[in-house]
Amino acid sequence: MYALDPADASGEPNAGAENDLRAIAEGNREALARLYHSHGSAVYAYALSILRHREEAEDVQQDTFVQIWRAAGTYRPQGKPDAWIFTIARNLAMQRLRERKKTVETIPEDWQEEFADDPRMDPSDRVLAAALLESLGDEERQIVVLHIMTGMKHREIAEMMGKPLSTVLSKYNRALKKLRSAYKEADSL
Amino acid sequence: MKDQELERRIRTAMEHAAPDRLDSILSSCDEQKGEYTNMTTLSNFSNTTPRPDAEKSAPAKRSVWRRFAAIAAALVLFVGIGSYSMGRRAAAVDSIILLDVNPSISISVNVNEKVLSAEALNADAETVLGDMDLKGVSLDVAVNAIIGAMLQAGYLDEARNSILVSVESGDAARGAALEQEVSAAIAAATQTDSLSAAVLSQTISATDETLTSLAAEYDISLGKAALIQEVVAQDATLTVADLAGVDINEIALLISSNNISTSTTQTGTASDKAYIGESAALNAALADAGVSNADVLRSTAKLGRENGVMVYEVEFDTAEMEYDYDIDAGTGAVVSVDIERRYSSLETVISSITSGTLIGETAAEDIALADAGASRTDVTYLNSWLEYDDGRMECYEVEFAVGSTVYEYKIGLYDGTIRSRDVETRGGTGASSGNTTQSTLIGEDAALSAALSHAGVSASDASKTKVKLDRDDGVYVYEVEFTVGWLEYEYEIDAASGSILSFEIDD
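Chains A and B, in that order, give the protein sequences.
First residue of the first sequence? That's 12 in our numbering, and the numbers climb one at a time after it.
First residue of the second sequence? That's 7 in our numbering, and the numbers climb one at a time after it.
Bound conformation, chain B alone (with noise of 0.2 Å):
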């Protein structure tokens, strides 16, 4: 099947479950409209554009956008602006605008997305502000001296070239368009050869009263609030108490390299040129704990924060043991460092007893092959080699076939043990007998027993027991699988004739 075809089947099926509203949004419409025309001919105000007023759009807002017109009202008496000459429409705060970086910056803006007051909310913004006059400039124009402004003072620069917009409207669609533009107006003002920003946008409501509260007991924006809301609800490491006085870049960075998911719509990447990178903080880890990196069975690193610093995390193993490390990112000092033996290795147990002589390939096939009863001027072909996996040696693969059956054998590398085998019959369906019907089967309990005894184990000392019937290819055929102190041994055995079909044994 094509995926033309399911996207079409798709497409039509929600198009089928999606329900036809016309008639009552037109008429929802016709009423916008009345009272839009109503609150012109009141307005003494005439804009080019006809738009409603934010408080007969979205009458579910009324209460947050009377707030917000008290305030507005407030400031233009308190500034003398003259409130005669302009109408109720654009006098009144129409959204309000957050920017956070580490100053924190909020514009409130008319319905004509002209500024009617941009307040500084920490030290940072005063400073960024200082006796700027921004009343009455059209949005982007503010938007613009206020980044350029957070440039010349140094917040902003190559190693911290995050921004947050946060925009509050009473008005969906408004909000919408307005993150939009002021995103825009913001990578425009950034574009240079050296920096290049990350804007986060989102929308808030001021209405939501746990984000609110949250603003005012850590003295943070709302914008700032929403986010780092969302991002400690999904990284129980970090708490909003040690975020609320981070600059956004590093929680942009803590966003991106912990994979947290935000309602943010993120442009362009966060800087971490302040901070040495994942790599050199590996190092620092592997230098102190005196591991060399082909030791290194798996490594990770991603950044955190541990005791108000931006740490790397680093975690790494070798055969022998875990290593988890706190890197100072900026510096890459050891912050903390924790470290435990692992579960011994099936290899390291072997090699200890046999003092690590490998069997070679020669002697891996001649066990392999004395298994299935077979001579090297029987076979086909034959093929063998040291696997690995994870850069260390696993086993021996042999492999060979006699006439159409092809064998696949794993051999224990010190003592030569068989720790798998598989046989397969090309075209057929292997050593089994065929044409099987359930009612011919030899039962679970058989089957069980069947792998006990290969593996040479008691009942009493095997755990997690499983036995399940499998239809292969027509064949039924019984998967067993138990447990045996840290081994794991699986089988497929034959259902009709109890014979072993292949094994496998993990530590």
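Next comes chain A alone, as it looks inside the complex (with noise of 0.2 Å):
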């Protein structure tokens, strides 16, 4: 992912994102192949976070896309272009641990391993991702995943949550402090 929007320069906070939504209705693909590259990686870490399986995570990386493509007409801007594309992704991620619950999904225990055949990723990277996926609590990866990979504010989180402030920063610190530990590790690789 690059700078999450290229607009923000413009001291217009996520202005990119809304043209590129409004250019989508219109049924523009290259705004899409812009939104999908300044919001990919953040929908999958966060669908990823919510599921803790990665081709469930891809398939609602794909589908919270498809979707955006689709009812791109329907959004009204409001200057929350993100909230938007991500209670999408919130809500199909949902959907599919409703539907696990018949399946009975496994989800991994060692993600160094589950990362081990990713050559994108070099080891500190499977270190970092691994301490996310299992060193944190639902709630905790969430947030961590929301304002580190889209550079919401703690209170968009909040509110897109429905969590008071204070939970969602003391739960914030905490994740960071557990992280720590993680990147000590992943620094000496």
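Derived from the structure by calculation, the hints contain no laboratory data.
Since the model is a prediction, treat every value here as computed from it, not as a measurement.
Treat the hints loosely; a few may be bogus.
With the Cβ distance kept under 10 Å, some of the chain A side facing chain B (calculated, not the full set) [to be verified]: (1) 52; (2) 67; (3) 68; (4) 75; (5) 78; (6) 90; (7) 94; (8) 99; (9) 137; (10) 143; (11) 156; (12) 194.
Calculated cross-link-like contacts (lysine-lysine; reagent style BS3-like; alpha-carbon spacing at most 27 Å) [to be verified]: (13) A/189 to B/8; (14) B/308 to A/174; (15) A/91 to B/120; (16) B/308 to A/188; (17) B/474 to A/189; (18) A/164 to B/8; (19) A/195 to B/472; (20) B/279 to A/174; (21) A/174 to A/189.
Label pairs and their computed distance ranges (CB to CB) [to be verified]: (22) B/279 to A/195: 45 to 53 Å; (23) A/188 to B/201: 35 to 43 Å; (24) B/146 to A/108: 26 to 34 Å; (25) A/184 to B/286: 48 to 56 Å; (26) A/133 to B/279: 54 to 62 Å; (27) B/283 to A/176: 33 to 41 Å; (28) B/36 to A/33: 29 to 37 Å.
We put the beta carbon where it would ideally sit given N, CA and C, even for glycine.
If you follow the hints, you should be able to join the two separate chains into one complex; please do so.
Here's what the structure looks like:
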């Protein structure tokens, strides 16, 4: 993922995604590709933080962008394109979770091993991604991913998750503390 | 290490983990567009915003969509709206929005967010809807009208301000958009001086069989069933049968008072104005027990349900007793009470033996100094005080320094026993023999014997015995723990010399 929104430099937050959504509603494929480059890995990481299953998270990423392509016309510009995009991803991921009860998916226990076949990840990437998926609680993980990957403010995350801001802040700080030791390990690699 | 650097590294790791599926996404999108064009050609209805048909966009939900479409078609025929004047897409149910307060209303809308039908799901909802005709109006207008009618009929007021919005849509993006829109419309409609609504919103699925059977069994909306299901799963004291008949406001209060997490998004705070509040509930319980606030060591109060009424579950402890009250949340009346004797604390036992005379700080200092083999003239500083824990006297603490060695003692309040001792040498490693290597250690058995003999306890009386070798600032230390009756002993033994570095006795 690149800088989240090229238009951020203009001082207009999220204007890039907002413009892209408008263009996508008119059937502009380049705008969809742009939005995928700016938001694709964040959507994947968020889905992975909810589902803890790589294939399912990949499916949710794909479904999210297909939904965006179809439904961009229903988006009402309010300066909150990220909240809209990640709410779609969240709903799709939650739907998977509910369906999973019937199929019983197994959650990997060793995430470093899980990521071992991914040639784009170096050993320190694997240590950090595994720490994120293994050592944090469900909400801690989602808050960390939303903040780090999307640049959403803690206040916006609190609003989206329906939690008090103080809860989101303390969960975030606790999560970072837990991740610091993994970072030290990754740093020595 | 800076947080920003940590955040950056995690971001990079996750970027590397993410797949690149753009090509596959673009080709699915092409298929979707193709189908969409096809649909509009077939339809005689033209929409300004291009949207595909729900059936085409969500193949997995096809059966649900068919069911909705069938219901909608029946409705259209029944009420005699000119089906020939509306296109297929306009007459089909695209999404269903459920509003629950206590009145429970189901609104079906088409892709243009025009109301196809509004249905009362319980008797209160019939009162609210009356002969209101919402067919064909836009969703936000309908929501506004329904909320207005609920305010007028007194179902929503200062004391009951919570509304549950549940959106059922074959399409996740539409669902998310509708969830936000309806919540915003409600917030706008309820923004008055005295009332600010709490809106809980969620998306639900009609294909969830557990949910549909739960809703049918208790005659409640799917939305309320989904919320209750999550709540009872996390709080075993609550039941579906009880909560099915309870207003959303009460469920919202139970959720926040008991820190229950749900998949709903909440804006605003549920009103507890109909209830006396946690501190009044605590006072009612204290008054009933004849206990003064000053004697309370610990207390908690939270909302719960008891025999079909809202209660505050109040718990508090005094030195001797444990109290457990249920207080009627509306009236403050005592619903139930349970009182148990606590395990006697060390202080109460000792004070009963010594008839409660405190030894005083000077005596505590003398005891500590004597133990350290120091006199008042040796010390560079000396300080002592009464230590309180949770509002009750715990012990005397005595601190003093001799040269670069700092001593900390805890001395019993009534009998002057040494409860703990900690000796530390500033800038050094204290009363240890320095550069210990593992080969010169005394061994775990010797460490345990040293601790037991200091405590005056025989090995057979001690239980839960633990001995662990630890390295602290380069010095090996045995950490010894054991329990005798209700006393817990903790020692640190110098692993080389066997001398006692610190100990603590807890009741």
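Quick rundown of the hints versus the structure:
| no. | hint | result |
| --- | --- | --- |
| 1 | 52 | holds, 4 Å |
| 2 | 67 | violated, 12 Å |
| 3 | 68 | holds, 9 Å |
| 4 | 75 | holds, 8 Å |
| 5 | 78 | holds, 4 Å |
| 6 | 90 | violated, 13 Å |
| 7 | 94 | holds, 8 Å |
| 8 | 99 | holds, 5 Å |
| 9 | 137 | holds, 8 Å |
| 10 | 143 | holds, 6 Å |
| 11 | 156 | holds, 7 Å |
| 12 | 194 | holds, 5 Å |
| 13 | A/189 to B/8 | holds, 14 Å |
| 14 | B/308 to A/174 | holds, 19 Å |
| 15 | A/91 to B/120 | holds, 24 Å |
| 16 | B/308 to A/188 | violated, 31 Å |
| 17 | B/474 to A/189 | holds, 26 Å |
| 18 | A/164 to B/8 | holds, 19 Å |
| 19 | A/195 to B/472 | violated, 32 Å |
| 20 | B/279 to A/174 | holds, 22 Å |
| 21 | A/174 to A/189 | holds, 21 Å |
| 22 | B/279 to A/195: 45 to 53 Å | holds, 51 Å |
| 23 | A/188 to B/201: 35 to 43 Å | holds, 41 Å |
| 24 | B/146 to A/108: 26 to 34 Å | holds, 31 Å |
| 25 | A/184 to B/286: 48 to 56 Å | violated, 34 Å |
| 26 | A/133 to B/279: 54 to 62 Å | holds, 57 Å |
| 27 | B/283 to A/176: 33 to 41 Å | violated, 23 Å |
| 28 | B/36 to A/33: 29 to 37 Å | violated, 20 Å |
Comparing the model with each earlier hint shows violations of hints 2, 6, 16, 19, 25, 27, 28; every other hint is respected.
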